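Here are the chains, one letter per residue:
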Amino acid sequence: MAALVLPATLLVLGLLVAPMAILFRISLDRYSPTELVQEALTGENYLRAIADPYYREVLGTTLGIALLCTLLALLIAFPAAWWLARLEGRRRSLAVILTLFPLLVGNVVRAAGWMALLGRDGAINAALRGLGLIREPLGLLYTPGAVVAGIVAVVAPYMILTLATVIEAIPRNLEEAAANLGASPAAAFRRVVLPMALPGIAAGCVLVFILCMNAYATPVLLGGPQFKMMAPAVFDQFVRGTNWPFGAALAFILLLVTLALTLAGSAALSRRTAPR
Amino acid sequence: MLTRRTALGAGLALPALRIARAQSAQVVVGTWGGDYGDLLSANIDKPLLAPRGVEVVQDVGPQDPRKTKLIAERQSRRGSMDVCCLSDVDMFTLAQQGVFEPIDPARVPNLGKAIPSLKRPYSVPHIYSAKVILYNPAKVTAPPQGYADLWDPKYRGRVGLVDILHLQNMEAASIAAGGDEHNYEPGKKKLMELRSLDAKVYPSNEALAAALKSEEIWLTIMWLARGFMWKKSGIPVEAAVPSEGATSICFEMAVPKNARNRDGALAYLNAALDARAQTAFADRMGYAPTVTDAQLPPELARQISLTPEQQAKLRTPDYEYIAKNQSALIDFWNKEFKR
Chain A
1 MAALVLPATL
11 LVLGLLVAPM
21 AILFRISLDR
31 YSPTELVQEA
41 LTGENYLRAI
51 ADPYYREVLG
61 TTLGIALLCT
71 LLALLIAFPA
81 AWWLARLEGR
91 RRSLAVILTL
101 FPLLVGNVVR
111 AAGWMALLGR
121 DGAINAALRG
131 LGLIREPLGL
141 LYTPGAVVAG
151 IVAVVAPYMI
161 LTLATVIEAI
171 PRNLEEAAAN
181 LGASPAAAFR
191 RVVLPMALPG
201 IAAGCVLVFI
211 LCMNAYATPV
221 LLGGPQFKMM
231 APAVFDQFVR
241 GTNWPFGAAL
251 AFILLLVTLA
261 LTLAGSAALS
271 RRTAPR
Chain B
1 MLTRRTALGA
11 GLALPALRIA
21 RAQSAQVVVG
31 TWGGDYGDLL
41 SANIDKPLLA
51 PRGVEVVQDV
61 GPQDPRKTKL
71 IAERQSRRGS
81 MDVCCLSDVD
91 MFTLAQQGVF
101 EPIDPARVPN
111 LGKAIPSLKR
121 PYSVPHIYSA
131 KVILYNPAKV
141 TAPPQGYADL
151 WDPKYRGRVG
161 LVDILHLQNM
171 EAASIAAGGD
181 EHNYEPGKKK
191 LMELRSLDAK
201 VYPSNEALAA
211 ALKSEEIWLT
221 IMWLARGFMW
231 KKSGIPVEAA
241 VPSEGATSIC
251 FEMAVPKNAR
261 NRDGALAYLN
271 AALDARAQTA
281 FADRMGYAPT
291 VTDAQLPPEL
301 ARQISLTPEQ
311 QAKLRTPDYE
321 YIAKNQSALI
331 DFWNKEFKR
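Those protein sequences? They're chains A and B, same order as listed.
For what it's worth, my numbering labels the leading residue of the first sequence as 1, then goes sequentially.
For what it's worth, my numbering labels the leading residue of the second sequence as 1, then goes sequentially.
If you are wondering where the hints come from, they were derived from the structure by calculation, not from laboratory data.
Since the structure is predicted, the reported quantities are computational estimates derived from the model, not experimental observations.
Be aware that a few hints might be false.
Said to hold, decoys possible - Straight-line Cα separation of at most 20 Å, EDC-like style, residue types lysine to aspartate or glutamate; simulated pairs:
| # | chain 1 | residue 1 | chain 2 | residue 2 |
| --- | --- | --- | --- | --- |
| 1 | B | Lys119 | B | Asp293 |
| 2 | B | Lys335 | A | Asp52 |
| 3 | B | Lys257 | A | Asp52 |
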């Protein structure tokens, strides 16, 4: 039976663990303009990244955007997931397909759609101008707001489907029993549905938070050149600065921060859901 | 001996395996797609090399991944490209890493007709243009004379720069500050002044073109070739060659040391310098031929090339300076100017 996991294990070892190990090793090397990567064993790339207020700000922006997008995705997805979970038969299948539909289009293409919507000559500005509400076009594109909207749209389907699976498992008659015992729909939701959905909320938030932390195409295309999140900053170091050691260090800092927050978040939530 | 470097190179070179070499006459060319790739195919691959039994396969992609691929593959015995197309600055940076085979002029006879100032020991020049000021003639009534005119307070908020040309913008700022292409330090202060004049930065050439078209901005720094193409497509721009001297941009081709088909690659470089192949890029992309025997229609030549006086003042980027400082320069651009 153990042999069944062998292909997957080899794949992960070869295509994930090995490159990550190499990348980690590079993060301990030194950058040199002539050799690019100079073999060394130093932590200075990490120290430089942590000491530099610019990268602290980039990391802060990344965290802020990721947390905000996760929260917004949760707020948007919960009602949709609840509705989806209560559907039956063909209507349900159709709703699942519709939820998945945006995932069939790549992030870049979706961002291009947002650009057409938010640009100075985009659909929103054209409509507002047509209605006579504004004279000068609004600067909607290349703003943090555009990035948040773009990322939330990307991650919402993941959140909806994760939540729907959990909500589905909450027997409907529990809500009916709560109503029968005099609970208002709001109270039934707060005291019955929500606590039972917490594991799903935790899973959905972790998944979405990780996706948000690593967002690349959306911040680049919708945030504009002045807006920096970690993944584009890593790309800049590797490709435009040809500084692989520093880029690798930034990549590992992003990974560690994401991992630490994910673990802390899940631990906090699982404590709340543990039977008391 | 398997060092971690060779292991890294080999690991990253794996995608190369997907290119099955059925015959040794195949040449893999790492190039941009779009017009450039199409023109290579229509003017070099098909008419010049196919009759000689050389089959050209294009490995199409943006420049940055191609550059990164070359760095990753530099230790591997067999590379994934036979010919690599890059812009002059990146070509120099990689040549410094010893990635490319030195060009033997005897094996590339057409190199004899190339413009001498564009020749490099590690590559052949394919097409070139010059960095100029593009302006909207309806809004900027007096054509700008030099880069310094972009700092005129009356153009506050109307100057746009493209992010990807961060080095070129910094060089222009240094020249505007009275410096030159050998040291960008004076440009840093000058750029911060432009920043306080509300200069805008756009993420791509397409975004910059859209901003010029909507007249959100009136002035930018761009290649003459691209200005010509934009004008052709109805964007309201004229080009002004800076009096301080324009800086050249050359797109080059080189053969990586680990190319699998070196003979085919050299034949390709030679064909790329063929006068017949060169003229097509002028009309469709606005880039000037790098060989002296390519004849352009006079009207086209007037629009995409420099006058002899402007040519005499043409600056070549200081590749060595850029290679040495590019990591620090991108840091300044990101951390100070764009912040």
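Would you check the hint for Lys119 (chain B) and Asp293 (chain B), treating anything up to 20 Å between C-alpha atoms as holding?
OK: Lys119 (chain B) and Asp293 (chain B) at ~16 Å, within 20 Å.
Between the alpha carbons of Lys257 (chain B) and Asp52 (chain A), is the straight-line distance 20 Å or under?
Between Lys257 (chain B) and Asp52 (chain A) the Cα gap is close to 39 Å, so the pair fails against 20 Å, i.e. violated.
Hint check: Lys335 (chain B) vs Asp52 (chain A), CA-CA at most 20 Å. Holds or violated?
holds, 10 Å
Checked against the numbered hints above, the structure breaks only hint 3 and satisfies the rest.
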